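Sequence order for the protein chains is A and B.
All residue numbers for the first sequence refer to numbering that gives the first Met the number 0, where the first residue is 0 and numbers rise by one.
All residue numbers for the second sequence refer to numbering that gives the first Met the number 0, where the first residue is 0 and numbers rise by one.
Worth flagging that the hints you see were computed from the coordinates, not collected in a lab.
If you're wondering where the values come from, they're calculated on a predicted model, not measured in any experiment.
Any given hint might turn out to be false.
[Said to hold, decoys possible] In silico negatives: residues of chain A with every beta carbon more than 10 Å from chain B:
id, residue
1, 141
2, 151
3, 319
4, 368
5, 383
6, 434
7, 468
[Unchecked claim] Below, a sample of chain B positions facing chain A; criterion: calculated Cβ distance under 7 Å:
id, residue
8, 389
9, 409
10, 458
Even for Gly, the Cβ is constructed at its ideal location relative to N, Cα and C.
As a plain string of letters, each chain reads:
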Amino acid sequence: MSFPLLSSLIILPTIGAIFILFGRSSSGYNASKYISIFVSLANFVLSIYLWYAFDKNIVGFQFVEEKVWLTGFINYKVGIDGISILFIILTTFITTLCIYSVNSTVKYRLKDFLVAILFMETMMIGVFCSLDLVIFYLFFEAGLIPMFLIIGIWGGDRRVYSAFKFFLYTLLGSVLMLVAIITIYWMTGTTDVVELYQLGIDLKYQNLLWLAFFSSFAVKTPMWPVHTWLPDAHVEAPTVGSVLLAAILLKMAGYGFIRFSVGLFPAASEFFVPLVFGLSLVAIIYTSLIALMQEDMKKLIAYSSVAHMGFVTMGIFTMTVEGIEGSIFQMISHGIISAALFLCVGVVYERMHTREISKYGGIVSVMPRYALVFMIFALGSLGLPGTTGFVGEFLILLGTFKVNFVVATIASLGVILGAAYMLWLYRRVVFGEITNSEVNKLIDLNRPEIIILSSLALTSIFFGFYPDPLLSTTSVSVENLIDQFNANLKIYTVNNL
Amino acid sequence: MMNLDLIIPEIFLSLSIMFLLMVGVFKKNSERLVYNLSIVALIILFSLVINLFSINEKLVFNESYKISNLSSFMKSITIISAIFVMFSSSEYIKSLNILKIEYPILILSSILGMMIMISSNDLIVFYLGLELQSLALYVLASFNRDNVLSSESGLKYFVLSALSSGLLLYGCSLIYGFSGSTNFIYIANSSTLIEYGVIFGLVFIIVGLAFKISAVPFHMWAPDVYQGSPTSVTLFFAALPKVAALTAFINFLYTPFVNLIDQWQTILVFISIASMLFGAIAAIGQSNLKRLIAYSSIGHMGYALAGLASGTNQGIQSSITYISIYLVMTLCFFSCLFMLRKKNVFYEKIEDLSGLSINHPILSISLLVVLFSLAGIPPLAGFFAKFYIFMAVIEQSMYFLAIVGLLSTVVAAFYYLRLIKIIYFDKPTEKFETDHSLGLKITLTISTGILILYFIYPGLLNDFVSKIIII
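Based on the sequences and whatever the hints tell you, model everything.
Next up, the structure:
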């Protein structure tokens, strides 16, 4: 058996966390910080190597590891295909940047914070690797614990309320998924995703099971109308928490939709397309309008996340290659851009201790460098060609036009609204007269901030101009998914006749 | 025919109780000695019980006493947890000045009662064990006799328990009257099972047992007794009698009344749903940790009964797994409680935990682990306990029970989260003392370790259980 690459990706952050946890407290902040930077960087390098070693042309899962876990029924099984590998790299990339940025954003109990983030990384990577429903559920749920603590300990004024809301919403959604998982086990005798792809699930139960999975993923995505936890959690979480939440946690659900909803329940997915389209459209239009009304910068970006994830869910359920590839690309792009936007908000929040848009204005004259990077990400968020945001949205709309003209047209309006709130935010914060004397005292970006933000900006622009490395990684897997989907659908229709 | 070798553990325990009583009476100031000797006795007892594992099911004394792998397993987890209860609570007992020679001896007698209950295969033997166990518990509940709450809880427990014993005894007499025997096997084979008298008897017995296990709607005593008793006794209450009562449930439902499954399944499903929901909702308003854990244990018994209600082998195994993990969680939680000490005063209000994570990071992590485990969040042991239960329940297509159970875990998660909020998010208060006895530290470390590391090989316990317990 070859070297267990995926398992080491999963376990490495935890080992680092244990070292920090039981390390001598007298050795101070620095030691724990270096350990965590080292571990996350090592993980990032490992995941890049994984991408390098990954064969894009193979259909199916690679680097599969399987080990007996619960004798007789559940195996620990991890593996990746073209869909999951990008999320793993996103996770390790964003986590590394987060850990690098904690110095300026986390003022107290740094050690605990690093431990929480590292545990979080383990759980996030685990979600994207697992090829067994129970293992997936385990990682999916376990991620709640560190996130709850991150929001609750280091959050803002209403942190307790937000942390509880986040935890209970997500848990409520997920328990139904657990019922569905166990039901699937008793129906088919396995929870192994690869085997389940082959076996297929009885048509009679698909709709109910799909709904059970949907309840979990819809909360996590978040889709309208269960999105209300997200603005609260985003606003109250510390900067790094918001970044992780927006960049990676939301993607777990999108990934889940592709891997499980579409993969396991093709007939039900087809059946529920109108529902998903409807909810996605509401999310795109309605939350964009809400975003226009926001006075709080973080809240605005949080609502924009809901709108962007609306595009993602819409793209997934077009069941076209363009739509799904676009959704994956959009998730990666949103991971980079929303992370960057939250970091940008964090930068000025650290200096001004307010997130209210009206308190700002005219920043460009005191923080020119900041104005530049903020512009890149604002434009990326509204989908300007040349940034990753454009590629994702374009592909999704392309896929949607193929399937449903009306839906695509309405969704396109969302793009305009997206441009409206983003540009308006940018204008109010960066341009205009300086009305608040505090703004004059602002200092431009320091070196760590420049490193973090510019690396995100470069990634966004690079893949905006040259998306091929990402798209070619996913294409074989996505095509295979669609082929299987159509083949299964055909079998079901034949059986139904 | 005498089969004394099969009941060596019981004989040994009886003899050591008498011996320790003599030591206590004739030797001055021997409280510590008796306490330590009783721990030694328990350890020896444990090895004796382990010895009986290889034996297949055997009936002794006119088939009124059953030695099987199930009984040996239940006895051994009872004894192990008793050892840890004694270990962890010695410091508490000493500083509360309730270390008297009677204390360990009462604990030992109650364990003897439990062992008889676990092995009983006859209504009368069962009742004897039950009463021996309960009598010792009444005294233990009011052991801190200068404290009003403690005396009240002892009295309350005694009165209500006597009532339930009465009901149980009435059920036994009905069953004897209609089936003509007190022996489980004869009852099972008797042709008159369908008669109403027997079914009434069954209902009364379930009521009596539900009382002992503190399941809704027979839970009223639990919060007051848990709160009033000395914490060390509360720990004992929360852990051990539940094992014995659960085993009695298994024995009753799957030996004499196995053919009446249609009748008792409905009752059990009701009790289980009611306990899960009530335990989750009623705990929200509590401000005393011991009261809170009482409601939480009511909820947990609901889950354990849900496994039994499924009526399958898998269900029984999941219940046994559940109760074993529940024991570990209870031990861990109470070990944390024992550590909340300032100048010989033990704190048990929720607010006392405020900001604990700043002053006592390691203790807080233990509490974090045990609370998330009680809430059933993966990857901690409590999740797997619930997972097995729901596996068994859903196998029987009892979706309603499963969904209600899972939804009440969400409700229950709220109050566990509230505790975590107080520990981690709130402002710190004064520090607690940190010099604790070795036994307490060991108990806390082992139980937390089990809860965290259980996920590495979660099949271990369940495989073991499924290998030894085939009904």
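Here's how the hints hold up against the structure:
no., hint, result
1, 141, "violated, 5 Å"
2, 151, "violated, 5 Å"
3, 319, "holds, 35 Å"
4, 368, "holds, 36 Å"
5, 383, "holds, 41 Å"
6, 434, "holds, 36 Å"
7, 468, "holds, 34 Å"
8, 389, "holds, 6 Å"
9, 409, "holds, 5 Å"
10, 458, "holds, 4 Å"
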